[in-house]
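Novice: For reference, the chains in residue letters:
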Amino acid sequence: MKTGYKKGKARQRRELAIRVGFFCVALASITTLTLIVVFLFMEGLPIFSKVSVQDFIFGKYWYPTDDPAEFGILALIIASLTVTAVASAISIPLGVMTALYLAEVCSARIREWVKPIVELLAALPSVVIGFFGMVVVAPFLQDIFGAATGLNLFNASLMLAFMSLPTICSISEDAIFSVSKELKEASLALGATHWETIWRVTVPASISGISTAVILGMSRAIGETMVVLMVAGGAAMIPGSLFDPVRPMPASIAAEMAEAPFRDDHYYALFATGIVLFLFTLIFNMVAENISHKYRQVGAATL
Amino acid sequence: MEESTISNDPLDSISSLSPEEVQEKAELVASKWPKLNRQRMIMQGVLFGLFKFSAAINAVALLIIVYFLVSRGWKAINWTFLTQPPIDSMTKGGILPCIVGTICLSLGSLLVAFPIGVASAVYLHEYARPGRLLRLIRLGINNLAGVPSIVFGLFGLAFFVVWLEFGVSILAGSLTLGAMTLPVIIGASEEALRAVPDTYREASLGLGATKWQTIYRVVLPSALPGILTGAILGISRAAGETAPIMFTAAVFYSPSMPSSIFDEIMALPYHIYVLATAGTEIETTRHLQYGTALVLIVLVLGLNLVAIIYRSYLRRRMG
Chain A
0 MKTGYKKGKA RQRRELAIRV GFFCVALASI TTLTLIVVFL FMEGLPIFSK VSVQDFIFGK
60 YWYPTDDPAE FGILALIIAS LTVTAVASAI SIPLGVMTAL YLAEVCSARI REWVKPIVEL
120 LAALPSVVIG FFGMVVVAPF LQDIFGAATG LNLFNASLML AFMSLPTICS ISEDAIFSVS
180 KELKEASLAL GATHWETIWR VTVPASISGI STAVILGMSR AIGETMVVLM VAGGAAMIPG
240 SLFDPVRPMP ASIAAEMAEA PFRDDHYYAL FATGIVLFLF TLIFNMVAEN ISHKYRQVGA
300 ATL
Chain B
0 MEESTISNDP LDSISSLSPE EVQEKAELVA SKWPKLNRQR MIMQGVLFGL FKFSAAINAV
60 ALLIIVYFLV SRGWKAINWT FLTQPPIDSM TKGGILPCIV GTICLSLGSL LVAFPIGVAS
120 AVYLHEYARP GRLLRLIRLG INNLAGVPSI VFGLFGLAFF VVWLEFGVSI LAGSLTLGAM
180 TLPVIIGASE EALRAVPDTY REASLGLGAT KWQTIYRVVL PSALPGILTG AILGISRAAG
240 ETAPIMFTAA VFYSPSMPSS IFDEIMALPY HIYVLATAGT EIETTRHLQY GTALVLIVLV
300 LGLNLVAIIY RSYLRRRMG
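Note that the protein sequences, when read in sequence, are chains A and B.
FYI, numbering that gives the first Met the number 0 numbers position 94 of the first sequence as 93, with every residue one higher than the one before it.
FYI, numbering that gives the first Met the number 0 numbers position 60 of the second sequence as 59, with every residue one higher than the one before it.
Calculated from the structure, these hints are not laboratory results.
Keep in mind that this is a model prediction, so the values were computed, not measured.
Take the hints with a grain of salt, since some may be wrong.
[Claimed, not checked] Straight-line C-alpha distance at most 20 Å; calculated SDA-like pairs for lysine to any residue:
1. B:Lys51 <-> A:Lys8
2. B:Lys34 <-> A:Glu195
3. A:Lys293 <-> B:Asn141
4. A:Lys8 <-> B:Ala55
5. A:Lys6 <-> B:Gln212
6. A:Lys59 <-> A:Val36
7. A:Lys49 <-> A:Leu26
8. A:Lys114 <-> B:Ala55
9. B:Lys51 <-> A:Glu103
10. A:Lys6 <-> B:Gly207
With the hints as constraints, model all of the structure from the sequences given.
Specialist: Pasting the structure below:
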């Protein structure tokens, strides 16, 4: 009897140890995130002893290799924001409408075919999309619109739109698909058409999920590197038209880091640009998190 | 009566009307109804057509990209291309070192992310109780998933390459890519664990097994196929990424194959970027660029197709 009791004790201790072990491993993600923040700031903050935060963010001139060097990333920030905005203008309607088609309109058999297509689109490596934009879309844009260069804001936005489209589509599809059947049936029984039901019932009931999808899609677009590095044109100026070349933040970091001398002002400035970029995506993600947490779908109550 | 009254609320003032007037009004409503209905159905048809059109754009975009790469890339692909290193300052020859490099990096990242990711998922789904701590961990995972790839590159450079003194190496690149694929693996594993019915767990616990025995002998084996699907998706993600390895693992050109994990290497995505943007031979190496891109998408889309088909097979088997 006594040995059985002892055995049970040992078993319990082992169980506890295993549980604690799993807990520690589960902390890996948040530890990594913390390390990312720590090292970005460690390598980025020294630049602010040379340039004030205000001059860095609102400075219009980015001439990191000149003497004296100018570290103002306003043009880079504006480039990132415009590219993201134009890309969203394309990808949000397309993504949400595709999600509505998949979740509401098409038959189960078509759904089985179209969903993998969206997933494969999401899986395309960004460097391949950038390459496609360079060698196929850029000459095409030059011919059609007579743009001075095919590598410009519009081309980058178009490519980014197709990178964020799958994100927007699959997350909003999940949200739309999970709207309860009773709600839709009630609306149909009152004589509303299928479209009226979608517009007045399904979409309002899943709007928090759709907004989360949209924000995460935009976050993906602003942080995407290879596409803007290869396709955006690379001129660090504030764009005047859709067909001007631009230099978004990720492109600047990726293109210049190899040449920046180690722990030089330029190196620090690129890390500081990384901080700004990281903060942008962090804000996007926090907003998305908040929306999906606060306005969780609770069926009829959200209408 | 105006048309607006009809569409809004035809019964509004019905009690104040005489029977004849009610009759009259009902006929008016009835006469307008078919037209109104037709308008509603046309509206629906147009909009549904639009939805179908946007879904088609997805398919067309994928087809166009794949078509261009295949039609222009397949000529570059031959035995020499796949089995020889580049020669003549990368204007001729093959891409073997890049293929080897990409395989090393993606397997390396899986080695890092798979154990940690699966264990995190087990904790989150099997052990954790709802509360502030759980929310914090989830917040960490969600935000890690949203970190831009170039920021992972910067982090890898500052932490693995410089601070831990790994140098530009397979090790530093794999760890950076591992950190990036971690959320993918956690998400897929958690979904797989969620699909294991609670009755399995209850049966095992009811027989006197401990929680860990239940997880190890019952839950993980039933979730394994789903977890493996996630691993495949993680590998394909790591294989296609460029920005995280730019400063941590990849080089323009290396004359020899890597011999240890502290060697720097070539990789397919970085090779495409280098050939397409740097140097004076951009136009003359076009066919090599298309060929490399084709190899990369065959690898990445192939892995994804395997995962998709395997998953749909699993779903069908489950019911």
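Novice: Next step is simple, just say for each hint if it's right about the structure.
Specialist: Okay, the hints, checked on the actual structure:
Taken as a hint, the Lys51 of chain B and Lys8 of chain A pair is broken in the structure, with Cα atoms around 63 Å apart against an allowance of 20 Å. Between Lys34 of chain B and Glu195 of chain A the alpha-carbon distance is near 17 Å, which keeps this suggested pair within the 20 Å criterion. Of the supplied pair hints, the one linking Lys293 of chain A and Asn141 of chain B holds, its CA atoms being roughly 16 Å apart against a limit of 20 Å. With a C-alpha separation of about 62 Å, the suggested pair Lys8 of chain A and Ala55 of chain B falls outside the 20 Å cut-off, and the hint is violated.
Restraint check for Lys6 of chain A and Gln212 of chain B: the C-alpha separation of about 15 Å stays at or below 20 Å, so the hint holds. Annotation: proposed proximity of Lys59 of chain A to Val36 of chain A is violated, straight-line Cα distance about 26 Å (limit 20 Å). Of the pairs offered as hints, the one joining Lys49 of chain A and Leu26 of chain A is violated, with about 37 Å between alpha carbons and a cut-off of 20 Å exceeded. For the given pair, Lys114 of chain A sits about 12 Å from Ala55 of chain B by alpha-carbon distance, which is consistent with the 20 Å threshold.
In summary, the hint linking Lys51 of chain B to Glu103 of chain A is supported, as the alpha carbons are separated by about 11 Å, within the 20 Å threshold. With a C-alpha separation of about 13 Å, the suggested pairing of Lys6 of chain A with Gly207 of chain B holds against the 20 Å cut-off.
Violation of the numbered hints given earlier is confined to hints 1, 4, 6, 7; the remaining hints are satisfied by the structure.
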